Amino acid sequence: MKRRTFLGGAMAVAVVGHGSSALAQQPPIKIGMSMPQTGGLAGGGKASLLGIEIWRDDVNAKGGLLGRKVELVVYDDKSSASETPAIYAKLVDVDKVDLLFAPYATVPTAPIMPFVKQRGLLLMGNFSFQVNSKVGHDMWFNNAPWGPADSWAASFLDLAQKAGGKNMALLTADQEFAQNLALTARDVAKKRNIPIVFDQVYPPNTVEFSSIIRALKAAKPDIVYVASYPPDSAGILRAVNEIGIGDSVKIFGGGMVGLQFAAVMSNLGSLLNGVVNYNTWLPEKSMYFDGTKEFFDKYTKRAVEAKVDPLGYYLAPFGYAMGQMIEAAVGATKSLDQKGIAKYLRENEHKTIVGPIAFSADGERKETATLQAQFRGVKDKDIEQFRSSGRQVILFPDKLKTGELITPFEAARN
Amino acid sequence: MNKRSHSIAFWAAVAVFLVAVLSMTQIVRNEYPFFAGYVILQFIALAVAWSILGGYAGYVNFGTNAFFGVGVYTAVALFKATGAPLAVQIAAAAVVGMTLGFGVGLLTLRMRGIFFSIATIALAIIIETFVMNWRFVGGAAGIQIQRPPVTAPFDSYVKMLFFVQAVLVVIAVAIARYVQNSRIGRGLQALRDDELAAECTGVPTLKLKLIACMISGALISAAGAPAAMYLQYADPSSAFNLSYSVSALAMALIGGTAHWIGPVLGAILLGSTQQLLAVTISSEVNVLVLGIMLVLFVVGAPKGIIGLLRPRYRLRAGGKQ
Chain A
1 MKRRTFLGGA
11 MAVAVVGHGS
21 SALAQQPPIK
31 IGMSMPQTGG
41 LAGGGKASLL
51 GIEIWRDDVN
61 AKGGLLGRKV
71 ELVVYDDKSS
81 ASETPAIYAK
91 LVDVDKVDLL
101 FAPYATVPTA
111 PIMPFVKQRG
121 LLLMGNFSFQ
131 VNSKVGHDMW
141 FNNAPWGPAD
151 SWAASFLDLA
161 QKAGGKNMAL
171 LTADQEFAQN
181 LALTARDVAK
191 KRNIPIVFDQ
201 VYPPNTVEFS
211 SIIRALKAAK
221 PDIVYVASYP
231 PDSAGILRAV
241 NEIGIGDSVK
251 IFGGGMVGLQ
261 FAAVMSNLGS
271 LLNGVVNYNT
281 WLPEKSMYFD
291 GTKEFFDKYT
301 KRAVEAKVDP
311 LGYYLAPFGY
321 AMGQMIEAAV
331 GATKSLDQKG
341 IAKYLRENEH
351 KTIVGPIAFS
361 ADGERKETAT
371 LQAQFRGVKD
381 KDIEQFRSSG
391 RQVILFPDKL
401 KTGELITPFE
411 AARN
Chain B
1 MNKRSHSIAF
11 WAAVAVFLVA
21 VLSMTQIVRN
31 EYPFFAGYVI
41 LQFIALAVAW
51 SILGGYAGYV
61 NFGTNAFFGV
71 GVYTAVALFK
81 ATGAPLAVQI
91 AAAAVVGMTL
101 GFGVGLLTLR
111 MRGIFFSIAT
121 IALAIIIETF
131 VMNWRFVGGA
141 AGIQIQRPPV
151 TAPFDSYVKM
161 LFFVQAVLVV
171 IAVAIARYVQ
181 NSRIGRGLQA
191 LRDDELAAEC
201 TGVPTLKLKL
211 IACMISGALI
221 SAAGAPAAMY
231 LQYADPSSAF
241 NLSYSVSALA
251 MALIGGTAHW
261 IGPVLGAILL
271 GSTQQLLAVT
281 ISSEVNVLVL
291 GIMLVLFVVG
301 APKGIIGLLR
311 PRYRLRAGGK
321 Q
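As you go down the protein sequences, you meet chains A and B in turn.
Residues in the first sequence are numbered consecutively from 1, following the working numbering.
Residues in the second sequence are numbered consecutively from 1, following the working numbering.
In isolation and in its complexed conformation, chain B is listed as follows (with noise of 0.2 Å):
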């Protein structure tokens, strides 16, 4: 009874959610709010991606650039090649991103820890080189796309993928969400304490390894393909930039991956302390204010933002039971 009302509440969190958004795009006139906005969700499915890996299977991914890189060239190369509409590049790159995830997946069967962290690097090296080299997508010079006209109800295209990546956070926190507390879930909490322990009480640590890094590589691709027609621009540097990496990693770890709500917490916090601070300070020192929040909470709050929530939150709901 409890856990359906918890789904009940969750659903109508979402649709309140898409209908604030999907409302916003028809009120609000000024566009830079949908600018920032598309950021902000953006790392928001990026970091929620991340976690369902790095944060319930405890498997640090570094490659969220190379997943996001390759998100951003499925749709460019889908766009070129045939004028796919958007949603067929999500979904094509949700693909593609996920057979990239089965071949990370694969990877874990030997390498654990930071093993593992420094082949997802290398990864993310090897396709920029392979996209750099690819002349079709516009190699090492990048590419310009030219946007398609903008579909009804929305009346310019930056509003529409505003609603697309809205939609694309709520898959991705529906689908951790269903993980998290599903056997998949308990599974990879039992691999991520002890993974030898867990092989041999039974659980099948390669199966799930293989389901979170399918389902986390799908999730960073498909958050990926819009950046094409967002920036109607792309080139390797920008779509294979760490700094995506290293944004998704932090936004996770400051909310905390113990639960779904962590990473969205974190990305909302950093993604809009990130955008605000690129419109005011704006020089060396937004690096330097990140990189103190950073330290900041790993020092004071190890287990992110819910960590600090967590304790209160349980008195309450004990105290109502």
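Here chain A stands alone, though its shape is the one from the complex (with noise of 0.2 Å):
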């Protein structure tokens, strides 16, 4: 609203006040999405909208798109396959939104890609891995920071190549994320040829981690590969700690999902210290790009009402870049036309609060910008340490690195 009635004191004053009353009966744009806020995915479907949220009150203090308000349109997918469909047909059949943003996370993501791809809708993609590969939809775009499939697997071995490390050892939950992770590491080690000496897939309630510790500590592997989830995630550091892991270890961590996130860290405190794993955002000096910190402000104010993850770094930045992005490009083109907006995010890079975005043919990262930390000096149950500079140390990408591996595992522990 300032804006416009800024840009209407070069106008005569009735002509302001007509067009302000025509714009406020003008509809708003509605962004439609399904988001996991109840069952497993729930914890990060609500960071991830609290992120969207609050761009969507920015761009609306700023004025809106196209002079229009912007509502979002929201629905709980129970963090399941099977309830986006009916609900994305749902916001374009009967709600009739202008633009579709993916839900959290890649199985809920995963039956709707088909459906928009036959429709040929534009979907903002929000932290899927890899769902458009046999898809091909070519008006997708992932926030994520993923990158090329193989980047994620290839980043960590980079770092333990020169460390030093000559073999492998796989620890991987029989989960979707996990054993997507597992299939590109084996992949790339098979490529530099570097020999996989253990490698474990447990079932997904494995709370007892000790006896495979023990299995992959007498393996003695240099380089340990872990993609687990939130509760063995916890359990298998609990492991480590109590039976060591051996001084052949360069470096432990990967694919650790559960680390990034609040709770999980200030519960397991100390016994991060050493591990290096992936993560999207982290409070260290190379990741504050224009209004990364404002946004952090208002999360951190608006996270402890909404009673979500009070760090954020995980995934609401990215609800907020994905908002960034589509704002660039209607405002750029001046229109919702789908396929025009979706050839602006192709050919163009995007400024957003977790830096420069572009995009490659299939929709993902052009280049990954996953991150690959260490943790560093980490003590026992305080949340407000991970929000100084210095505790999770950036070692990937070179253009954010913030420090040097610490190796060997043993050794970065204390």
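By construction, these hints were calculated from the structure, which means they are not laboratory data.
It cannot be assumed that every hint is accurate.
Stated by the list, open to error - Cβ-to-Cβ under 8 Å is the rule here; a few derived chain B residues that face chain A:
| hint | residue |
| --- | --- |
| 1 | Q232 |
| 2 | N241 |
| 3 | A278 |
This one's a predicted model, so the numbers in the text were calculated from it and none came from an experiment.
Think of the CB as a built atom: it goes at the ideal place given N, C-alpha and C, for glycine as much as any other residue.
Both chains come to you apart, so use the hints to assemble them.
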């Protein structure tokens, strides 16, 4: 509204009055999505949604898109793949939303990919993994920093090989995300002639890891690549703490889900030290871009009320960035034509609070911006420590690097 | 005579239902009703199939999700291996479900009551773990499926699936109705009330239980088979989701298990409420609403909706005669 009034200042008062009343009657731009608000993915879903809501409030405070207010239409998909087809059909056919955002994570997103492709609709992806690789939709853009499928394992193995790692142990959960990571890790290891000396897949509800860690230790690996889910990530680190992992291990971690969330981090405390793990955003000086600090100021305040992750590094800023990209594309094309928006998103680099984003043909990032960071000097039971820099030192990518790997793992633990 | 006129009324209603569904797919252009309607029809089929074993025989099966997932993955495996058409996928799922039902039926030799229920949960976990490690169908990571082109007279695949699921509902209801009114149904009722007494009076309990398990299993798996094409994606945690078991059971109980119409009513009520809540309240509250509904029915109408309706229904029927 402010900008409108300001622009209108050049015009006659009567015209301004007339214009603003006409604008007030314009229908809002509706952005539709489902979001896991119950079930296993709810913790992430709610944080992601808060990020998107902060963007909505910011953009509306600036006068909206094309002079129209932005409104979100959000339904709960219960973290399940079976709920999303009906929800997206409702969003498109009944609610007649103007634009679509995908739900957080791969499983709820997968069933709507063929749907948006058939209908020729733009879909902004939200942290799903390789969901477009088989569908090949050219109007899909993922906000996650993953990049090419193999970059995740490749970056970890780069660090490991630099530290002198020559063979690898794989420990992975028998679940969708972890298995995707394990597949690429095996491929990359094969290409680089890194022998896999230990390859253990454990069932999702495993709580006791001491026998697995003992077996892993006996294989004397240099590199330990772990792809696990929140409860098991904690179980694995506890077992490692009790049993030890041996002096041969140069680097430990890689794909442990859960170590990005405040509750898990503060719970594990000093057990985290030395672990090298993926992340998406960290409070290191290389990670601050235009608007990043302001975003987290708002997030920190609203997270308490929304009862979501108090840190919110992992998902929330990317939800905001998703909105920023739409804002830029709609602003540049001056329309809601989805083909035009998709063309703009594909051909340009976008400035966001999580850094510049450029897409490759498959709608994933051109280059990976998935961080590999090492936990250092973490104390027990203190969430606030994770807000300061230096607790998670970024080792990869080089552009964002804030430190060097401390190796071997046992030395880094202290 | 009375029985015959009942039969005519039933098949006339079935014909009207199928014609209505078919014309709906030809007339309605908005696709959302078909997406939501498919899910409701799927739950009707599941609830009716569940009640053949759970209602008539009183063996509470918590493994609906096992049969459902088996249906989904039979379709996925068959489609991936041979590109088989939908009808073949469903038929194959029914056969596999029936075989699995035979296995579950054998369990009833030694297990009753709560122990049988626990065994069926275990069955679901075992099969899910197996599928998670079966790379051909995507394993734990799940698998995306490309639908083949739609068959005439339908102009979209979802509309076709909606019709197919309606046919499956009709098949499930017709079989449930037949079982209920036949020797099988009376035998099952006898063994539900007292298995030992039934056995002593010459009711072939094991044979009946095996039949009930096989029919119920085949129908649940058949109802699950089109889900692969509906979602165009299958992953073990969604296909073997415990919510299928809980929903099928809740729908049958809310509707009432003494008559085939009970699960149908329960599934329509609960299924529509679920679909409606998913796009209105859409938060934790919707789980709460379903929970409260279940508690209210268990307390207020222990015999389900048909328990509430029956006395009136009987009076009227009695008055006419």
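Cross-check of the supplied hints:
1. Q232: holds, 4 Å
2. N241: holds, 6 Å
3. A278: It holds, given that the least Cβ distance between A278(B) and chain A is near 6 Å, below 8 Å.
Violated hints for the displayed structure: none, as all numbered hints are satisfied.
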